[in-house]
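Trainee: What follows is the residue order along each chain.
Protein chains: 2
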Amino acid sequence: MSFRNFPMVPRVVFGRGSFNQLGEILEPKRQGNKAPFIFLVDDVFRGKVDLISRIPLKHNDKIIYVSAEEEPKTIYVDDIRDDIKKEFKETPSGIIGIGGGTLLDYAKAVALMLTNPGSSADYQGWDLVKHQGVYHVGIPTISGTGAEVSRTTVLTGPERKLGMNSDYTPFDQVVLDPSLLNGIPKNQWFYTGMDCYIHCIESLTGTYLNAFSQSYGEKSLDLCREVYLEKESIDEDSQDKLMMASWHGGMSIAYSQVGVAHAMSYGLSYLLGTKHGVGNCIVFDQLGEFYPEGVKEFKQMVTKHGIDIPKGLCKDLTDDQFDTMIDVALSLVPLWENALGKDWQKTITRKKLRSMYELM
Amino acid sequence: MSFRNFPMVPRVVFGRGSFNQLGEILEPKRQGNKAPFIFLVDDVFRGKVDLISRIPLKHNDKIIYVSAEEEPKTIYVDDIRDDIKKEFKETPSGIIGIGGGTLLDYAKAVALMLTNPGSSADYQGWDLVKHQGVYHVGIPTISGTGAEVSRTTVLTGPERKLGMNSDYTPFDQVVLDPSLLNGIPKNQWFYTGMDCYIHCIESLTGTYLNAFSQSYGEKSLDLCREVYLEKESIDEDSQDKLMMASWHGGMSIAYSQVGVAHAMSYGLSYLLGTKHGVGNCIVFDQLGEFYPEGVKEFKQMVTKHGIDIPKGLCKDLTDDQFDTMIDVALSLVPLWENALGKDWQKTITRKKLRSMYELM
Numbered sequence: 202m203s204f205r206n207f208p209m210v211p212r213v214v215f216g217r218g219s220f221n222q223l224g225e226i227l228e229p230k231r232q233g234n235k236a237p238f239i240f241l242v243d244d245v246f247r248g249k250v251d252l253i254s255r256i257p258l259k260h261n262d263k264i265i266y267v268s269a270e271e272e273p274k275t276i277y278v279d280d281i282r283d284d285i286k287k288e289f290k291e292t293p294s295g296i297i298g299i300g301g302g303t304l305l306d307y308a309k310a311v312a313l314m315l316t317n318p319g320s321s322a323d324y325q326g327w328d329l330v331k332h333q334g335v336y337h338v339g340i341p342t343i344s345g346t347g348a349e350v351s352r353t354t355v356l357t358g359p360e361r362k363l364g365m366n367s368d369y370t371p372f373d374q375v376v377l378d379p380s381l382l383n384g385i386p387k388n389q390w391f392y393t394g395m396d397c398y399i400h401c402i403e404s405l406t407g408t409y410l411n412a413f414s415q416s417y418g419e420k421s422l423d424l425c426r427e428v429y430l431e432k433e434s435i436d437e438d439s440q441d442k443l444m445m446a447s448w449h450g451g452m453s454i455a456y457s458q459v460g461v462a463h464a465m466s467y468g469l470s471y472l473l474g475t476k477h478g479v480g481n482c483i484v485f486d487q488l489g490e491f492y493p494e495g496v497k498e499f500k501q502m503v504t505k506h507g508i509d510i511p512k513g514l515c516k517d518l519t520d521d522q523f524d525t526m527i528d529v530a531l532s533l534v535p536l537w538e539n540a541l542g543k544d545w546q547k548t549i550t551r552k553k554l555r556s557m558y559e560l561m
Numbered sequence: 202m203s204f205r206n207f208p209m210v211p212r213v214v215f216g217r218g219s220f221n222q223l224g225e226i227l228e229p230k231r232q233g234n235k236a237p238f239i240f241l242v243d244d245v246f247r248g249k250v251d252l253i254s255r256i257p258l259k260h261n262d263k264i265i266y267v268s269a270e271e272e273p274k275t276i277y278v279d280d281i282r283d284d285i286k287k288e289f290k291e292t293p294s295g296i297i298g299i300g301g302g303t304l305l306d307y308a309k310a311v312a313l314m315l316t317n318p319g320s321s322a323d324y325q326g327w328d329l330v331k332h333q334g335v336y337h338v339g340i341p342t343i344s345g346t347g348a349e350v351s352r353t354t355v356l357t358g359p360e361r362k363l364g365m366n367s368d369y370t371p372f373d374q375v376v377l378d379p380s381l382l383n384g385i386p387k388n389q390w391f392y393t394g395m396d397c398y399i400h401c402i403e404s405l406t407g408t409y410l411n412a413f414s415q416s417y418g419e420k421s422l423d424l425c426r427e428v429y430l431e432k433e434s435i436d437e438d439s440q441d442k443l444m445m446a447s448w449h450g451g452m453s454i455a456y457s458q459v460g461v462a463h464a465m466s467y468g469l470s471y472l473l474g475t476k477h478g479v480g481n482c483i484v485f486d487q488l489g490e491f492y493p494e495g496v497k498e499f500k501q502m503v504t505k506h507g508i509d510i511p512k513g514l515c516k517d518l519t520d521d522q523f524d525t526m527i528d529v530a531l532s533l534v535p536l537w538e539n540a541l542g543k544d545w546q547k548t549i550t551r552k553k554l555r556s557m558y559e560l561m
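Read top to bottom, the protein sequences are chains H and B.
Those letters in the first sequence? Residues 202 to 561, per my numbering, in order.
Those letters in the second sequence? Residues 202 to 561, per my numbering, in order.
Because the hints were derived from the structure by calculation, they are not lab data.
Take these hints with a grain of salt, some might be off.
It does not matter which identical chain is used: a pair holds within one copy or between any two.
As the list claims (entries may be wrong) - Heads up, simulated DMTMM-like pairs for lysine to aspartate or glutamate below, C-alpha to C-alpha not over 20 Å straight-line:
(1) 387 - 427
(2) 497 - 486
(3) 249 - 262
(4) 553 - 251
I would like the entire structure built from these sequences, with the hints used as guidance.
Mentor: Listed below in structure tokens is the structure:
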């Protein structure tokens with residue numbers, strides 16, 4: 202098809218306190234008493250009774266705590282899948298991800314790998330997944346990445362950092378409860394929100410853009426500006442709007458793509474394990490040449506919130522290490538093509554990328 | 202559930218020329234050679250080879266032309282359903298609506314009535330539909346109503362004008378091809394677009410609003426303003442943006458409601474058969490008291506485009522006729538409550554409505 206037939210999340214509930222409806226939402230999807238719901242929960246919530254006690258466990262349902270300290274990896278996806286298969290005879294009724302982009306991506310990937318054979322590394326790419334996954338639900342507790350609405354789950358594998366992009370990837374259900382954003386550390390709130398802001402700049406200035414993606418991207422950008430530039434505090438309204446910014450920002454990628462910041466940030470992340478949100482900020486801070494207006498506004502937001510953007514990550518790297526990052530970045534062809542058009546290779550040489558990485 | 206678990210259209214394709222992908226989209230949904238796809242097409246397209254020849258007919262697939270001269274009626278829904286059941290032994294593979302809000306509403310209603318017993322009039326209301334309908338696809342050829350994305354299909358029945366609001370109502374697939382908007386008569390383009398504008402004003406000023414609906418409503422309103430106030434001609438960009446305005450405007454109703462204009466316009470439509478778009482314009486033109494900013498801007502758009510808003514519809518009506526309109530309008534409790542809050546009956550008396558209708 203010339204135009205993508207975009208899969209949208211078919212069910213969404215929005216509201217402060219809507220997390221309390223989770224039991225009611227899940228019950229009709231239960232495939233009998235022996236097919237558990239598996240809750241993948243960010244392990245920062247371990248012992249946080251307020252959230253954990255509200256997870257509606259029944260029968261042999263299980264919570265698995267997963268660390269989001271590192272970017273999601275194909276080996277951990279495979280491990281979680283194998284553990285679930287070993288412990289339960291029946292295929293789970295569903296996988297529920299509770300956390301930020303990392304947990305949401307794990308939930309999507311595990312749901313797919315319960316019904317697709319082999320390793321998740323085999324499916325990094327576009328439309329390689331062949332079978333529908335088990336029912337999967339996304340519940341963001343931090344907003345910005347758009348993982349709750351996207352058709353990818355970005356994984357670091359043995360050979361590359363690349364998503365499992367497929368029509369089977371999006372969640373079957375999303376619960377948007379802005380009250381779950383309470384208590385996020387400020388740096389994290391900023392870095393993850395900037396992932397959304399940077400998405401939008403990359404999408405709106407890209408060559409792939411159409412009116413569908415533009416309308417979502419513009420609304421998301423308006424909301425980011427309201428949250429990060431206009432408001433004086435992180436109040437409830439700010440949480441509500443950040444959650445919607447992330448949602449619309451994710452949708453804006455439907456017929457578009459991200460660009461230079463994401464391509465280079467994937468390189469950093471692959472080599473150094475830099476987390477996605479902060480990695481994007483580190484890269485975007487140096488991209489005034491490509492996104493002059495966006496970078497100017499980004500710097501205003503950094504200043505306003507007194508955020509520390511790490512510097513000097515690349516100062517001691519070897520030639521081989523630079524080459525690795527450059528290989529990863531250059532492999533993301535659609536991102537470069539969206540950012541700079543078909544002739545992107547005229548501008549983006551290995552030397553150019555090396556000089557840019559050296560600034561970070 | 203306190204918060205609605207909103208059903209979204211699970212598949213959408215957007216693009217100029219995407220209508221040509223229809224065959225490819227439908228084929229995987231075909232339930233064998235004897236289960237036809239039924240195309241409900243606005244009869245203004247009869248003989249319009251450019252569109253009709255591109256409808257991908259196979260096997261016993263059938264085009265049924267339906268007039269949109271009148272608002273959709275429960276008796277016609279039942280008739281179309283009965284004719285299909287008589288002609289085909291097997292349940293259709295799908296129903297595809299091609300046209301404006303009227304045709305889209307017919308497609309949704311017929312799809313539901315192929316699997317739910319009785320008359321469509323039995324299901325006018327909220328959540329009365331019990332069984333999933335057959336696969337149904339919406340392809341707008343005029344934009345504004347939001348019917349392509351909403352969870353209702355508004356029908357005039359023997360006793361009321363009211364939608365079949367249900368989780369089964371939304372389309373399974375929508376094709377947004379802005380090139381299908383070519384050739385719309387200017388008045389129609391205006392009236393239908395104003396349905397969207399009025400939706401948004403009613404939603405954004407309503408008491409039901411939350412951040413989800415607000416973000417969609419604001420974007421839709423921005424796009425309406427661009428199309429109807431800022432642009433000097435109806436170019437391709439304008440068609441693209443109107444299609445997205447309608448989409449986001451429909452989504453903005455998810456957690457909101459329409460208001461005074463829709464409630465009163467339903468009365469006009471029930472009694473006089475006034476079409477929905479122009480009916481909303483006739484009513485909204487007189488609602489400066491309730492929506493001062495919106496009505497002011499609406500009048501600017503009317504003037505800019507030299508549109509004729511019909512007047513004097515009610516000048517020769519009898520008391521009984523006024524009473525009928527007032528009964529219909531007053532029955533739409535959620536609309537009044539959204540517009541004016543729980544105490545709406547303090548302001549909205551029969552006398553008040555009569556005096557307002559007399560201006561129209």
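Trainee: Confirm or reject each hint.
Mentor: Now for the hints, and whether the structure bears them out:
Only within a single protomer do residue 387 and residue 427 lie at most 20 Å apart by alpha-carbon distance; the minimum there is 17 Å, versus 37 Å between protomers. For a Cα distance limit of 20 Å, the shortest separation of residue 497 from residue 486 inside one copy, 9 Å, qualifies, whereas the shortest one across copies, 44 Å, does not. Taking CA atoms no more than 20 Å apart as the test, residue 249 paired with residue 262 passes inside one copy only; the shortest distance there is 19 Å, against 58 Å between copies. Taking the closest pair of Cα atoms, residue 553 and residue 251 never come within 20 Å of each other, the shortest separation being 50 Å inside a single copy and 50 Å across copies.
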